[in-house]
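*Asks:* Take a look at the letters that make up each chain.
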Amino acid sequence: MPDKKRVLMQGNHACVAGAIYAGMRFYAGYPITPSTEVAEGCARRLPEIGGRFIQMEDEIGSIAAVIGASVAGLKSMTATSGPGYSLMVENIGYAYMTETPCVIINVQRGGPSTGLPTKVSQSDTMQARWGTHGDYTAIAVAPSSVAETVTETIRAFNLSERFRTPVTLLLDEVIGHMREIITLPEPGECEVVERVKPTCPPEQFIPFEMTESLVNPMPAYGEGYRNVITGLTHDTMGFTTNKPVEIAPKLDKLRNKIMRHVDEITRLRTEFIDDAEILFISYGSVARAAFQAAKIAREAGAKVGAIQLQSIWPFPDKELMELCARCRKVIVGELNMGQVAIEVERVLPRDTEVHTLLRYDGEILTPMQLLEKLDEVL
Amino acid sequence: MSEPRHRLMDYVREEIMPHRFCVGCGCGTILNVFTHAVAEIDLDPARMVCVSGIGCSSWIPSPYFKADTLHTTHGRPIAFATGVKVMRPDLKVVVIAGDGDVSGIGGNHLIHAARRNIGLSVFMVNNGIYGMTGGQVAPTTPEDVKTSTTPHGNIEPPFKVADLVMAAGASYVARWTTYHVFQLRRAMEHALNKEGFSFIEIVSQCPDYFGRRVGLRTGVDFLQKFKGQSVRVKKAETMTEEELADKIVVGQLCDRDRPEFSSRLHRVTAEQVELIKKERAG
Ligand SMILES: Cc1ncc(C[n+]2csc(CCOP(=O)(O)OP(=O)(O)O)c2C)c(N)n1
Ligand SMILES: [Mg+2]
Numbered sequence: 438m439p440d441k442k443r444v445l446m447q448g449n450h451a452c453v454a455g456a457i458y459a460g461m462r463f464y465a466g467y468p469i470t471p472s473t474e475v476a477e478g479c480a481r482r483l484p485e486i487g488g489r490f491i492q493m494e495d496e497i498g499s500i501a502a503v504i505g506a507s508v509a510g511l512k513s514m515t516a517t518s519g520p521g522y523s524l525m526v527e528n529i530g531y532a533y534m535t536e537t538p539c540v541i542i543n544v545q546r547g548g549p550s551t552g553l554p555t556k557v558s559q560s561d562t563m564q565a566r567w568g569t570h571g572d573y574t575a576i577a578v579a580p581s582s583v584a585e586t587v588t589e590t591i592r593a594f595n596l597s598e599r600f601r602t603p604v605t606l607l608l609d610e611v612i613g614h615m616r617e618i619i620t621l622p623e624p625g626e627c628e629v630v631e632r633v634k635p636t637c638p639p640e641q642f643i644p645f646e647m648t649e650s651l652v653n654p655m656p657a658y659g660e661g662y663r664n665v666i667t668g669l670t671h672d673t674m675g676f677t678t679n680k681p682v683e684i685a686p687k688l689d690k691l692r693n694k695i696m697r698h699v700d701e702i703t704r705l706r707t708e709f710i711d712d713a714e715i716l717f718i719s720y721g722s723v724a725r726a727a728f729q730a731a732k733i734a735r736e737a738g739a740k741v742g743a744i745q746l747q748s749i750w751p752f753p754d755k756e757l758m759e760l761c762a763r764c765r766k767v768i769v770g771e772l773n774m775g776q777v778a779i780e781v782e783r784v785l786p787r788d789t790e791v792h793t794l795l796r797y798d799g800e801i802l803t804p805m806q807l808l809e810k811l812d813e814v815l
Numbered sequence: 188m189s190e191p192r193h194r195l196m197d198y199v200r201e202e203i204m205p206h207r208f209c210v211g212c213g214c215g216t217i218l219n220v221f222t223h224a225v226a227e228i229d230l231d232p233a234r235m236v237c238v239s240g241i242g243c244s245s246w247i248p249s250p251y252f253k254a255d256t257l258h259t260t261h262g263r264p265i266a267f268a269t270g271v272k273v274m275r276p277d278l279k280v281v282v283i284a285g286d287g288d289v290s291g292i293g294g295n296h297l298i299h300a301a302r303r304n305i306g307l308s309v310f311m312v313n314n315g316i317y318g319m320t321g322g323q324v325a326p327t328t329p330e331d332v333k334t335s336t337t338p339h340g341n342i343e344p345p346f347k348v349a350d351l352v353m354a355a356g357a358s359y360v361a362r363w364t365t366y367h368v369f370q371l372r373r374a375m376e377h378a379l380n381k382e383g384f385s386f387i388e389i390v391s392q393c394p395d396y397f398g399r400r401v402g403l404r405t406g407v408d409f410l411q412k413f414k415g416q417s418v419r420v421k422k423a424e425t426m427t428e429e430e431l432a433d434k435i436v437v438g439q440l441c442d443r444d445r446p447e448f449s450s451r452l453h454r455v456t457a458e459q460v461e462l463i464k465k466e467r468a469g
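Going down the list, the protein sequences come from chains A and B. Positions 438 to 815 (the working numbering) are the ones given, in order, by the first sequence. Positions 188 to 469 (the working numbering) are the ones given, in order, by the second sequence.
Mixed in with the good hints there might be a few duds.
As the list claims (entries may be wrong) - Far from chain B, by Cβ distances over 12 angstroms, these chain A residues were calculated:
(1) Glu474
(2) Arg481
(3) Lys680
(4) Thr703
(5) Gly775
(6) Tyr797
(7) Glu809
Said to hold, decoys possible - Pairwise CB distance ranges (calculated):
(8) Asp754(A) to Thr320(B): 37 to 43 angstroms
(9) His339(B) to Glu640(A): 51 to 57 angstroms
(10) Asp798(A) to Pro344(B): 45 to 51 angstroms
(11) Ser450(B) to Glu640(A): 32 to 38 angstroms
(12) Leu688(A) to Glu201(B): 27 to 33 angstroms
(13) Pro554(A) to Arg443(B): 37 to 43 angstroms
(14) Leu462(B) to Asp700(A): 42 to 48 angstroms
(15) Arg706(A) to Glu466(B): 36 to 42 angstroms
(16) Leu688(A) to Arg443(B): 46 to 52 angstroms
Source of the hints: derived by calculation from the structure; they are not laboratory data. Cβ coordinates follow ideal geometry from the N, Cα and C atoms, glycine included.
From just these sequences and the hints, can you work out the full model?
*Replies:* Following this line, the structure appears as structure tokens:
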């Protein structure tokens, strides 16, 4: 018996592997550093398995085509970086409103504007939550290794289908371009969620019915349902509405179908936290340095632990509160001006000191820098 | 005795009729002609996907036409439709939207879809104005017309959208007006049967927001004007630019067979799948 398949792979290609494992069969995109390898990987792999790749004229068209393909019944995705994500946000809002599953990968680089095409950043964390206009609830996950990129990409598709909503996979340039040896999951090893389709005859189908789960079955276009989908605020039949009694419930539905399941969506990785008095909180590439820093601090006898947010949105309020209940201080490390730090401050009790180590000069945070910060706050 | 049911009622979403277009608007006529064309060539609405953008014209298919309808964002219906067509080349995918939508904000998608020659039928309703937002200048508004955002008269020359799409590589391009309902129906039938990218510019009327600017108060005023202004493509070839200045050139601009994108992509994919199978076997 040969060993399980071990491969040397970069994070961007791990997205492709994870997505194909999850059943993604349509990719539309527009080249942009540092995400381009995702498109290149899909251009090569998708035709081999009967999927379709198309390079569109811009990112607005890319996400539009992705939503179109999803409406046609296929798991679809795109990948981009800051400037491209900014162009996509209007149509991502369309996917929220129409409850159309799709996955958007943002391999983050420095911004604003064209910013730092080749440098690492985590400054689109808030954009993943609030990028498009209007009230809605977002799901975003953030892996910190190549292996995790495979599993979190699969999970991004699962969450997207499960809740009928767009999901953003937040990579940073380091994770996207880093190469690690990983073992790809065998078929059947990871859960894959398939889209639920209606079973009733078309005449009886109520596309946005207010059911217990708030997540409706979704017919594929061309299957005879003669369905109506619009980005205008709509009633349970999918028709445009201006009635207050229908508007608020629609928006509640978009929020509650996700917020009632924060536990299921939240994924945190923890290390040395049981008796920890100080905790590092981080995600993406910074989490790698934070775990290392915590390990070194432990070896030196300090009661330090680390939490990695593998999912960032919806923010894990309850879980963080519980995990940090016995610690006096936390240090939030991130590659931006404190986008998750604001959330941590919001969530933790007043008497927990929230310190930050923020870098936004295009460089990574190292374990040494985190340890220096630890010394400073001890 | 119950009222006899119109034979085309099965093609529209009866539950939300009557439609909400203004009196004299061309959109009702276009819905009517489109429905006739679909029935005439026996297309099954259950195997059609109608995609529209944002604007009055985008309401023609959505919600009124009873196929699978996708009412998208302003300017983007062709890009959404591209995703549908690529995954389901077997379906008839139709885009109906306004001139502002298709040739203004969405102009980039339009020319690239025509260049790819993807098998969509795009019916662009050219009322020369941004109707839904209350009558602002569009890329199709004639020069000198005063709109709410060109209070001193439009100083920009308008796009000849059908000519643009032909130059970009579409398989079939035509231009008709809402006066030419029979010709328009035949053109739609032809476009819907075409394999590659087909495009019809439908010169239409907006009595409320365009008409009042140019002294045409009713739909009928417009139709009479269109009738007088229209010149057939063949005849136009013999006319000078000055002679054509205030004319509408109607008819078929091109009808040619070029490789269609989604079936081409389908072929490439099938070849790759075969290749991989062979590699695995051998
Ligand atoms: C991104 C965006 N910009 C602007 C608008 C506002 N808007 C709605 S309809 C419209 C113009 C519609 O004009 P056209 O496409 O010609 O359609 P018509 O109403 O004339 O049929 C505009 C500008 C919008 N909905 N979205
Ligand atoms: Mg218009």
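*Asks:* Now tell me if each hint is right for this structure.
*Replies:* To see whether the hints hold, each was checked on the structure:
Under the 12 angstroms C-beta cut-off, the non-interface status given to Glu474(A) relative to chain B holds; the minimum distance is some 20 angstroms. Here Arg481(A) does not stay apart from chain B, with its beta-carbon only about 9 angstroms from theirs, under the 12 angstroms limit. At roughly 14 angstroms, the least C-beta separation between Lys680(A) and chain B is larger than 12 angstroms, which holds for a residue marked as non-interface. Thr703(A), annotated as away from the interface, keeps every beta carbon of chain B farther than 12 angstroms; the closest lies near 31 angstroms.
Listed as outside the interface, Gly775(A) is consistent with that label: its C-beta sits roughly 32 angstroms from the nearest C-beta of chain B, beyond the 12 angstroms cut-off. Its beta-carbon lying about 32 angstroms from the closest one in chain B, Tyr797(A) satisfies the requirement of being farther than 12 angstroms from that chain. The claim that Glu809(A) is not at the interface with chain B holds, since no C-beta of that chain comes within 12 angstroms of its own (minimum 48 angstroms). Between Asp754(A) and Thr320(B) the beta carbon distance is about 41 angstroms. The supplied range of 37 to 43 angstroms therefore holds.
Against the hinted window of 51 to 57 angstroms, the Cβ-Cβ separation of His339(B) and Glu640(A) comes to about 55 angstroms, which satisfies the hint. A C-beta distance of roughly 49 angstroms is found between Asp798(A) and Pro344(B), which places it inside the suggested range of 45 to 51 angstroms. At roughly 33 angstroms, the beta-carbon separation of Ser450(B) and Glu640(A) lies within the given 32 to 38 angstroms, and the hint holds. In this structure the supplied range 27 to 33 angstroms holds for Leu688(A) paired with Glu201(B), their Cβ-Cβ distance being about 29 angstroms.
Evaluation of the 37 to 43 angstroms hint for Pro554(A) and Arg443(B) yields a pass: the beta carbon distance comes to about 41 angstroms. As the Cβ distance of Leu462(B) to Asp700(A) is approximately 46 angstroms, the hint placing it in 42 to 48 angstroms holds. Remark: the range hint 36 to 42 angstroms for Arg706(A) to Glu466(B) is upheld by a beta-carbon distance near 39 angstroms. A hinted range of 46 to 52 angstroms for the beta carbons of Leu688(A) and Arg443(B) is consistent with their spacing of about 49 angstroms.
When each numbered hint is compared with the structure, a violation occurs for hint 2 only.
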